[in-house]
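Q: Sequence:
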Amino acid sequence: MTAAQPVPTWSVERIAGAPDPAALGDIRRLASAAAEADGNPPLSEQTLLTLRAQDAGDRLLVLAARDAGQQDGELAGVAVISGSPDGAVLELVVGPDCRGEGVGTALIEAVLAEGISDLRGWSHGNHSAAADLAARFGFAPVRELWRMRLTRAAAEQSVPEVRLPDGVALRAFVRGQDEEAWLAANAAAFAHHPEQGATTRADLEARMDEEWFDADGFLLAVREEDGALLGFHWTKVHPAVGAHPAMGEVYVVGVTPEAQGLGLGKALTIAGIDHLHGKGLQAIMLYVDADNAAAVALYRKLGFTRWDVDVMYAGKSA
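First residue of the sequence shown: 2, per the working numbering; consecutive thereafter.
Keep in mind the hints are simulated off the structure, nothing from the lab. Just to be clear, a hint being listed does not mean it is correct.
Said to hold, decoys possible - Within a straight-line C-alpha distance of at most 27 Å, the following computed DSSO-like cross-link-like pairs (lysine-lysine) qualify:
1) Lys280 - Lys267
2) Lys267 - Lys302
3) Lys302 - Lys280
Use the sequences and the hints to build the structure in full.
A: Structure (structure tokens):
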């Protein structure tokens, strides 16, 4: 008879600010393993960028769980809290080989011990284990972010030709020239959006430094008479991973208030889809808030269907 293996006890290390390169490497490997197992990236792009930012300071707190019985044991799970003490966002990852062993519980207990007054947490893919953990600790859903997908076959049936408003032209973003104009247009277009509208120059530069950035896929709609920026469609290409082929993304589409009501948002969306199809991509995805009825209706009309969902949870005090 084989003796039962002892249940591990978890020690949680507190890392304030940006983790060192070794710890960051551990976190990225853990996130990659979870993404491969679950089909969803457990950490958002913004969180990964913040983890790398050397000036993260008090905007970032990492709680890392390891087996207390193993010296220098592998990372079993991690909780990443970004933002401020008055409005922080949590993302939590448990390694595929360590699930069902109390890692998530240990991490949530450590998170709650921080005493953050307004804590919200994302569950990417909203897997049942995450939903159960949230409910057990008094967190309830407060926001749904849908992932929608368009196949090439569906696009051929439902995506019309680009029709720009009179006096409007499309061109590619020029790095070193268009940053401030884009930041102003983005802030105006997303004045009430909880994340996108707050994009800073540093956020923009960090994304342009990513390997995936392609200025040719960053489309700007400008007024022909004076070159004023009226809207934009920033596309993205996710590279192939294992058996998963490369996929395009409608990364962000925005229209300034002065240009709304002209059909420019639809035209920009179609132009970006055409650009991604020109790269030979067979599928395109996007994120959209479930309660944004106008956007969801437009995307459905273009052939997008709901594919997956991310859910934000908040505690009773949030």
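Q: With reference to the structure, classify each hint as holding or not holding.
A: Taking the hints in turn, this is what the structure says about them:
The straight-line distance between the Cα atoms of Lys280 and Lys267 is roughly 20 Å, inside the 27 Å bound, and the hint therefore holds. Distance restraint check for Lys267 and Lys302: the Cα-Cα separation of roughly 10 Å lies within the 27 Å cut-off, and the hinted pair is therefore satisfied. Proposed proximity of Lys302 and Lys280 is supported: the alpha carbons are some 23 Å apart, at most 27 Å.
The structure agrees with every numbered hint stated previously.
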